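A.B. asks: All chains should be built: construct the whole structure from the sequences, respecting the hints.
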Amino acid sequence: MEEKFIVPQKLKLLSIGLIVIGVIAFVVGLLNDPTRAWANYLLNNFYFVSLAIGAAFFIGIQYISQAGWSAAFKRIPEAMAAYIPFAAVLFLLLIFGVHHLYEWSHDEAVATDSLIKHKSPYLNVPFFFARVIVFFALWILLTKLMRRVSLKEDEAYSLELFNKQEWLSKVFIFVVAITFSAFSVDMIMSLEVHWFSTIFAAKAFVAAFLHGASIITLIVILLHRRGYLKVLNRSHLHDFTRYMFMLAIVWGYFNFAQFMLIWYGNIPEETHFYVHRMHGVYGVLFYANIVLNWAIPFLFLMPRFSSRSRMVMVPVILLLIVGQYTELYFEIWPATVHEAKFGLIEIGMFLGFAGLFSLVVVTYLAKASLVPKNHPYLEESVQHHF
Amino acid sequence: MVGVFDNEFDLLQAFGKVKSKGLKIEEVYTPYPIHEILEGMGTKTRITHAAFFFGLFGALAVLGGMYYAAVESWPLNFGGKPFNTFPSFIVVTIVATILIVTLLTLFTFSARAKVFPGKKAEIVDIRATDDKFVMVVDASSPGYDAEELTALLKASGASDVY
Numbered sequence: 001m002e003e004k005f006i007v008p009q010k011l012k013l014l015s016i017g018l019i020v021i022g023v024i025a026f027v028v029g030l031l032n033d034p035t036r037a038w039a040n041y042l043l044n045n046f047y048f049v050s051l052a053i054g055a056a057f058f059i060g061i062q063y064i065s066q067a068g069w070s071a072a073f074k075r076i077p078e079a080m081a082a083y084i085p086f087a088a089v090l091f092l093l094l095i096f097g098v099h100h101l102y103e104w105s106h107d108e109a110v111a112t113d114s115l116i117k118h119k120s121p122y123l124n125v126p127f128f129f130a131r132v133i134v135f136f137a138l139w140i141l142l143t144k145l146m147r148r149v150s151l152k153e154d155e156a157y158s159l160e161l162f163n164k165q166e167w168l169s170k171v172f173i174f175v176v177a178i179t180f181s182a183f184s185v186d187m188i189m190s191l192e193v194h195w196f197s198t199i200f201a202a203k204a205f206v207a208a209f210l211h212g213a214s215i216i217t218l219i220v221i222l223l224h225r226r227g228y229l230k231v232l233n234r235s236h237l238h239d240f241t242r243y244m245f246m247l248a249i250v251w252g253y254f255n256f257a258q259f260m261l262i263w264y265g266n267i268p269e270e271t272h273f274y275v276h277r278m279h280g281v282y283g284v285l286f287y288a289n290i291v292l293n294w295a296i297p298f299l300f301l302m303p304r305f306s307s308r309s310r311m312v313m314v315p316v317i318l319l320l321i322v323g324q325y326t327e328l329y330f331e332i333w334p335a336t337v338h339e340a341k342f343g344l345i346e347i348g349m350f351l352g353f354a355g356l357f358s359l360v361v362v363t364y365l366a367k368a369s370l371v372p373k374n375h376p377y378l379e380e381s382v383q384h385h386f
Numbered sequence: 387m388v389g390v391f392d393n394e395f396d397l398l399q400a401f402g403k404v405k406s407k408g409l410k411i412e413e414v415y416t417p418y419p420i421h422e423i424l425e426g427m428g429t430k431t432r433i434t435h436a437a438f439f440f441g442l443f444g445a446l447a448v449l450g451g452m453y454y455a456a457v458e459s460w461p462l463n464f465g466g467k468p469f470n471t472f473p474s475f476i477v478v479t480i481v482a483t484i485l486i487v488t489l490l491t492l493f494t495f496s497a498r499a500k501v502f503p504g505k506k507a508e509i510v511d512i513r514a515t516d517d518k519f520v521m522v523v524d525a526s527s528p529g530y531d532a533e534e535l536t537a538l539l540k541a542s543g544a545s546d547v548y
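For the protein sequence lines, the chains are A and B, in the order given.
The numbering used here numbers the first residue of the first sequence as 1 and each following residue consecutively.
The numbering used here numbers the first residue of the second sequence as 387 and each following residue consecutively.
There are no misleading hints in this set.
Far from chain A, some chain B residues (derived; all Cβ distances over 12 Å):
#1 V390
#2 M452
#3 A455
#4 A482
#5 S496
#6 E508
#7 V510
#8 D516
#9 D531
#10 L538
#11 K540
#12 S545
Keeping only pairs whose Cα atoms sit at most 20 Å apart, straight-line, the calculated EDC-like set for lysine to aspartate or glutamate is:
#13 K144(A) <-> E160(A)
#14 K119(A) <-> E103(A)
#15 K540(B) <-> D392(B)
#16 K117(A) <-> E270(A)
#17 K467(B) <-> E270(A)
#18 K467(B) <-> E269(A)
No wet-lab data here; the hints were simulated from the structure.
Everything numeric in this text was worked out from a predicted model, so none of it was measured.
Even glycine gets a Cβ: it sits at the ideal position worked out from N, Cα and C.
C.D. replies: This is how it looks when you write it as structure tokens:
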């Protein structure tokens, strides 16, 4: 089942063009309004690393549940997870922007604010970047090991390699549960340094898994349209939809749980997060967030015919892409830029990161056979039918 | 006409042959679901649509009921919260909607399938409740020939035909 993906020259040039646009937008942003530029930088960085982590987690879930149907498509999440090292470099560059974003990084804030002082043993610049390095080192190590075992499997059939991957998946899921939770708290929640929510990390993780799964689906559908991945059938599409449908419900549940408990408890240090975010533009985004990430996937992916139809799935995925942006914008902007600004800088930087992400994904897709060769469940995946 | 089979493959073979002859297959009883049979029987269900509308009805009814109780009929002041505490209604709505959907779908299904508590089970062949595969062919369907069908079922590997 050898299938070799050849990167279209046009796509490569387009991606590089988008990266150039992104760099220009970032430089223009830095010169005019550095806080806004760094907020964009953080948002897009977190956005695409979420997709990569979600994709890596997707592979892990397939292995520990010994799922057969997805075996033919595992190269796509693998290629997405290959973005993690690039994200690591980009996140380390955040060291230049940390003072523009995080209130706790200012010495005078630590000196005058007792709450920030209380949190400073954890929230301080050296420890913050030490954590970034440790988290990324673990993610890169585990995803690279998984990728290496997966490529080795292409050479010869071996059940040992499958068991090894299953073991690596268990380790990865355990590691990512702890590290990604701490990572999302560090990166996003600590922007509002006085605020806290115990379900925040779980919500960020589910958002990563939901949007990672939908991007996997989108790439699979696009590759199929170009004539690759001929094994794809309607049952596979239905299974991909199940992931999006189920995760949209879990996301909606967590999002509502966070909101309702804060609303009901009505404690000032918790409610100020939503008080700022329920008026004006942010008030619209609050509802848009729920509609895009929960209501639309829930209603449109529910009927059996639409859960197998590309005509329904692709628009829903495109709305989910907007949805993840909306959610991060809703969380980051009121804490950093304060005023809801959206213009060419936002669009340009998103396109820049999207270009980098797509360039990495297609390069890694082309590096190995698009369909794994000796996966023990490959035949089950090809025959998948229900 | 009832054919009893020992395994799935014989049953599928006979199923295909009987269908291609244009005979009406009344029902197939198998110890576990078989995709080819499910598709081959061509039965369609509308119970999922019914369940969706029960859910819609349930959600609106529960929300409406709580609104009536908390705002119209008996407003109480809980720590200065507004009477219409919509977010706190949602949790009850989810749970009660699940209950309403489950019960109404169960009743709809029972009514359509004509089953009720205390009904005597209609068992065509007692071995269908064990590990055997049982196929029932309608004797009134056009082109039905008892001898020919018996031979066909026997040839496909039926262990018992009557």
